[in-house]
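Protein chains: 2
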Amino acid sequence: MAKKKTEKAAATKYKPLTPAIIAEMEKIVGRQYVIHSDAEKLEPFSHDEISEKEYAHMPDCVVRPAAAQEIAEIMKLANREMIAVTPRGAGSGLSGGAVPVFGGIVLLCDRMNKVIEFDKANMTITVEPGLVTNEINEIVRPAGLFYAGYPMSLETCYVGGNVAENAGGGKAVKYGVTARYVLGLEVVTPKGDIVQLGGKLVKDVTGYDLIHLMVGSEGTLGIFTKIILKLMPLPKASVDLLVLFRTPDEAIAAVPEIMTKSGIIPTAIEFMDRLSAHAACKYLNETLDYKDAGAMLLITVDGPDEQQVMQQYEAIGEQCLAAKAIEVYVADNHTTSERVWKVRRNIAEAFKVQSPRQSLEDIVVPIASIPKMVAGLEELSRKHDCQIPCYGHAGDGNLHATPVMNPKWSDQQWHDRLEQILVDMYKLTASLGGTISGEHGIGHKRKKYMPLVCQAAFIDMMRAIKLALDPNCVLNPGKIFDC
Amino acid sequence: MAKKKTEKAAATKYKPLTPAIIAEMEKIVGRQYVIHSDAEKLEPFSHDEISEKEYAHMPDCVVRPAAAQEIAEIMKLANREMIAVTPRGAGSGLSGGAVPVFGGIVLLCDRMNKVIEFDKANMTITVEPGLVTNEINEIVRPAGLFYAGYPMSLETCYVGGNVAENAGGGKAVKYGVTARYVLGLEVVTPKGDIVQLGGKLVKDVTGYDLIHLMVGSEGTLGIFTKIILKLMPLPKASVDLLVLFRTPDEAIAAVPEIMTKSGIIPTAIEFMDRLSAHAACKYLNETLDYKDAGAMLLITVDGPDEQQVMQQYEAIGEQCLAAKAIEVYVADNHTTSERVWKVRRNIAEAFKVQSPRQSLEDIVVPIASIPKMVAGLEELSRKHDCQIPCYGHAGDGNLHATPVMNPKWSDQQWHDRLEQILVDMYKLTASLGGTISGEHGIGHKRKKYMPLVCQAAFIDMMRAIKLALDPNCVLNPGKIFDC
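The listed protein sequences derive, respectively, from chains A and B.
Residue 90 is where the first sequence starts when you use the working numbering, and the numbers rise one by one after that.
Residue 90 is where the second sequence starts when you use the working numbering, and the numbers rise one by one after that.
Please note that the accuracy of each hint is not assured.
Claimed, not checked - With a straight-line cut-off of 27 Å between C-alpha atoms, the simulated DSS-like cross-links for lysine-lysine are:
1) A:LYS371 with A:LYS472
2) B:LYS413 with A:LYS263
3) B:LYS209 with A:LYS350
4) A:LYS263 with B:LYS319
5) A:LYS315 with B:LYS263
6) A:LYS319 with B:LYS263
7) B:LYS413 with A:LYS325
8) B:LYS104 with B:LYS130
9) B:LYS350 with A:LYS319
Because the hints were derived from the structure by calculation, they are not lab data.
Excised from the complex, chain A in its bound form:
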């Protein structure tokens, strides 16, 4: 009840867009780059990749600036007129970060998609926020370099969104997440200042680390207009292992053993529980002998040459067998590699055959707690009469547990049950020392669950920082917490 009141109060705080304000925006970015008064054209900007309609909200207008200076002017205008501004990249998010929950302006970064500089000698690339992430690797690969940020959506998502959400992905065990590669930012602040943070510097303790306060702040603290990314040497060889275990316990117990006994940090350690693995294998008519597998690990290693990668995967394979794996399949060429990754990638599709409605979750727990989490999810599944396949990034403890609607339920039943399932799931996660998002973010989808996993004092600190930088709360309001 109290929350509803807050939201209503915040909503009335923001003013409607008048024709005069729209004219002013047209003057800033050019008339053809302002979309308004056309529901059909505005609709695509009312949601991200979450399909549930309850999370959508129409913007009053979409502006497509081409430069930091234009964004600065828009932010000054928004402050003067008390209008909410929601920055947006490719709209590939999974927590509603780019949804304009109070209407107002969607600030679309698609025109700011240039590579500003590829600096081979410093192993950096400077880009605008609207660049598609995967394009970076196309550009830097010939120079023997690669960008190690690797969200699963890298063929469509924008770098700016990756930075705003601190995107994770499939290579985080060895390479870490987006944050590790952000060396510098040009940021338009909520008040409309243009601030340079960091630079082509791999070490920098000159003042507070505002770069990493910005990374993952979900577009609530600033709009990135230049991003300086660190590049890494391109691995010259890579091999995948698909490892079958009898139980999730045995699979997960192997994870730290692999790293501590072999001394190797794999690129990826993906986990699939019995339900996920069997559903995907069945869906793909996979012929490998998976019947006894109660869980699978998909392990990738990469390195500077084939010989070193061979040594690594042999050492890891031995550790897996010592840790009671029942089978280790080696995929050392493109065809076999695709085959094993297909199992991992087709889990969501496999469950769509059973039911079109799923809620892709993003919990993260200490890696040693994964077996308890998996057991707890099986219990929840029985309690709520709903399948909850569990798969994800085991090396990080980041699990995409995904409640799938029981086909017998009505939409309303699904809506009500899901609420209960999520509360139970998040409480269980918290009891295991975990939290509700490892890489997708909070947005407005998970905002109400924050008190389940963090202290009021933590939320108060975030709110104090938000209001210090954005006193009118005009930049992406209604996300993470209410302010």
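Using the hints, position chain B against chain A.
Only chain B this time, still in chain A's reference frame:
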């Protein structure tokens, strides 16, 4: 002039410690853990490792709490009574972070030195801030793990200080700096709340990344009472290469080539200019043939076994020779390894023979700009008639350029000249896209130089965040910026 006024205003803001307040503190931590009214006992807490007396300031009292709850009570008391509180670890800092510039309370963390939990399965260790950094590795090594934070002072410094300063060190090229390993913090806020941030989670995007706002904030935003650190698999083999080049340009040009062409990220790439290398070799009576060397690189590689390390150093050695190195010395055992690292470690000592007064600087530039920096430093050296050896972490662009007092100068001359040298050096650094501290921090030593390398808007953002979390500015005031 304006600055002096601000400092005076701030100084008068804080109130003196009364006997009643001291009695209250004695009640909180126990009488034997409060030091006051004894200049001799207080003096060691008036400075850190900076030897210049102008940076020292006496505390009015030193308190030695044993628990977060005690620290919380002290912070509440300090807010109520308007008393400055300066947290302190081992006092091994190099920027004055632990110096109580407005007197008041030094909050010493030496009694909070316990290992709370070593969690092998999650590859984490949870410690109190007063633990000596090196002790972590003693504890975790038998389990095949190591802590990759590696400040040069690790045998004396405390973990809490490392986190507060975001300490760098000799292994940052491959392993990054302290920040990468901090997964969780328990923080006492300036207002006296106890807040839990993060956990044993290697990925977490649940709200703002306040952990990394705290890391490197130099004790101005919170006092850490529990630190959860990520551990890594212990490398089982390591080799050092000492590589001689004709010029700094050739040495530095080799750095990105090594990484991009061999595909290997070395553990360390240390740089020594002619002046540093020759002085240290001469000081050590080193017999290797260094006469033609205009610069040296000291490169370390480590890995999971000897064979892989051998492959790595051979590939790197070849790249160095292809990049015009005149000689590559391999140190593959403890004795030879010690011999080459001795050259790097004895540079400061070698110059102490010439003059006892030096100013250890900590500039950082994009790696490709190191040759220009080195050339610029040679020019500054001629202009100011003062030797400025330059050495440090080339793989990070972090250079400990160190003006050494001309023995002909008086102390006053040194003082005045150094001021000019530093302004010139920092301006040059800024013009090359660099900044004034890579790992030592700003503290009060470098505060006045901040406007040379960052925008007023950046300082304003830091100040806004500081005041949002510490409205009375009682926690470590006078550091980084004035508030």
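Taking the hints in turn, this is what the structure says about them:
Among the hinted pairs, LYS371 (chain A) with LYS472 (chain A) is consistent with the structure: their alpha-carbon atoms are about 26 Å apart, no more than 27 Å. Under the criterion of a C-alpha separation no larger than 27 Å, the hint pairing LYS413 (chain B) with LYS263 (chain A) is inconsistent with the structure, at around 32 Å. At roughly 12 Å between alpha-carbon atoms, LYS209 (chain B) and LYS350 (chain A) fall within 27 Å of each other, so this suggested pair holds. Between LYS263 (chain A) and LYS319 (chain B) the CA atoms are separated by roughly 13 Å; this keeps the pair inside 27 Å, and the hint holds.
For the given pair, LYS315 (chain A) sits about 26 Å from LYS263 (chain B) by alpha-carbon distance, which is consistent with the 27 Å threshold. With a C-alpha separation of about 13 Å, the suggested pair LYS319 (chain A) and LYS263 (chain B) falls inside the 27 Å cut-off, and the hint holds. Distance check on the hinted pair: LYS413 (chain B) and LYS325 (chain A) sit about 25 Å apart at the alpha-carbon level, within 27 Å; holds. Under the criterion of a C-alpha separation no larger than 27 Å, the hint pairing LYS104 (chain B) with LYS130 (chain B) is consistent with the structure, at around 22 Å.
For the suggested pair LYS350 (chain B) and LYS319 (chain A), the alpha carbons sit about 17 Å apart, so the restraint of at most 27 Å is met.
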